[in-house]
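Participant: Here the protein sequences come in this chain order: L and W.
Following my numbering, the numbering of the first sequence begins with 1 at its first residue and continues without gaps.
Following my numbering, the numbering of the second sequence begins with 1001 at its first residue and continues without gaps.
It should be emphasised that the hints constitute simulated quantities derived from the structure, not laboratory data.
Each statement offered as a hint is correct.
Examples of chain L residues lying across from chain W (beta carbon under 7 Å, computed): (1) Leu53; (2) Gly223; (3) Ala245.
Label-pair ranges, simulated between beta-carbon atoms: (4) Gln51(L) with Glu1204(W): 20 to 30 Å; (5) Thr1303(W) with Gln51(L): 52 to 62 Å; (6) Glu204(L) with Lys1096(W): 26 to 36 Å.
No residue lacks a Cβ here, since even glycine has one placed at the ideal position from N, Cα and C.
2 protein chains.
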Amino acid sequence: MPKIVRFYETGSADVLKIEELPQTEPAEGEVRLKVEAIGLNRAEVMFRKGQYLEAPELPSRLGYEAAGIVDAVGPGTRDIDIGNRVSTIPAFSMGKYGVYGESAIVPYQAAAHYPDNLSAAEGASIWMQYLTAYGALVEIGQLKDRDSVVITAASSSVGLAAIQITKAAGALAIATTRGADKKQFLLDAGADRVIVTDDEDLVEKVMAGTSGKGANLIFDPVGGPLLEALADAASPGATIFEYGALSPAPTIFPLLTALQKGLIIRGYTLFEIVGDAKRFARAKQYVYAGLESGALSPVIDSTFPLEAIADAHRYMESNQQKGKIVVIV
Amino acid sequence: MPKIVRFYETGSADVLKIEELPQTEPAEGEVRLKVEAIGLNRAEVMFRKGQYLEAPELPSRLGYEAAGIVDAVGPGTRDIDIGNRVSTIPAFSMGKYGVYGESAIVPYQAAAHYPDNLSAAEGASIWMQYLTAYGALVEIGQLKDRDSVVITAASSSVGLAAIQITKAAGALAIATTRGADKKQFLLDAGADRVIVTDDEDLVEKVMAGTSGKGANLIFDPVGGPLLEALADAASPGATIFEYGALSPAPTIFPLLTALQKGLIIRGYTLFEIVGDAKRFARAKQYVYAGLESGALSPVIDSTFPLEAIADAHRYMESNQQKGKIVVIV
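Here chain L stands alone, though its shape is the one from the complex (with noise of 0.2 Å):
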């Protein structure tokens, strides 16, 4: 029997739980997988906490993206078939499809082919961070080259995939990062400027860095007080994309500076971009040819063993990683 992580109460990472549970099939649209990796995202994180957008009916599954091979198929499915190998991209219920385990089943269309040059690690790590970045960046804010784009956590994999689709569009990259330590890492990633914003001011640094002009697009996923300083770095008609809910603080709206510079402030998760056909096929295309490029490259900071995915869990929480984390099945 596959071993399956489930929990049975929100809480800290101890609550995951390996089971071994009975194999089951594929239904009408599902595709099955024999998971080869795992890649960790702070909504899983949050999904456990009880925090996330979906709340989880106990006991639950989680886990949003894995790759492997198609080891069963069901009926209704397309452009799929048993030896393929697939990672899975998050236009899903977590709590239904969560994809943490030795097996693992999607709906069909969630199941994607990934370039034959990336290891399942690599191709457990593509989706979530370069459809997000993605979406927000040039489907939304139809990125050009002239553009400067604030980019805040951007050590993260979703923040990283951010830096590598700025400077593929020959943007000016501006990453923000807490502490000293990581500023060498994300010049080398390929920021332009970095902010260590415990140390320097946020405002006064973006604005230097764009001759005080402000940036133009920001790219969010704290909220909480940061946004009124991200709304002082914009432009006048700037777009702040707000990703994520990291900050445990109120996220008050900025509205005299909203007002006074016509910024727009919005709410933004993939599923605007996985939840439309058109954007959805043309997101895979651009990721797909980002990879064959080199312009996009998933960068793994560290990897687990599945018996090990509370410590994983874990380690996601003390924010030390740059890049993604790996569970290997």
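Chain L is already provided as a structure; the job is to place chain W on it using the hints.
Facilitator: Structure of chain W alone, referenced to chain L:
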């Protein structure tokens, strides 16, 4: 010497003083009006209190909208002559060009002809309200007949303009007002539904009025705690325009709702329209066509003489008015 309204300190309506000041001549690019009527705006109350986007340099003039006859033109002006009947468009610094008084000087591009069949009081009641509502709903919001629009503070001149513009597009206009006393007035003004927020639950009523879908365009000058309710009443992908700051309470950004629904919450002022030549031209054309067809028709609540300018401000602050307050000079 013409009577001019100025204030020497920010504060209550008592600070407004009527002074006789020497006649001045228009400089390069400016024209002078013999003022016949002045349209009052909330912006002037905020400016008088020192709470507006622009801070006054004391002593300061104030006022955005006047109708009158051109009685002097400076060099470098075009398409405008002495004797023309014009009204002023808020496309200038209120502190520098404030129009409250018997004589006003404004940049020539801010003086526009208005239809012959409108009185001076009506001429002073068109630009702020229609350009503000048009810019948000039509130019940016791309208003279509299938849209559902929530209009808060709907009895204000801009709110009524938004109702007329929404109905002209064939869309659903849901107006909100605090007390039941203005409900019939708003229905008569064209609102499809009126929500009395002192007595009714805004979210429930908007959902009931939109078959559970929510409103996809929301036009709000209030901010503060209301924004959370408006986000709850919004449909997925909706745009919420915040175009004022009437609430003294902090405005919380509804982060989780914005993420779940992909909401766009943006600061907006008509300066986004009048500061862009193409948008400005389209906006004026829209207003002229609407006044011509009768789709747009300014609603005047009451008139005051210039001597009672402080009373007119007090009356605006009492929130009793239904439409525009005009000072006849």
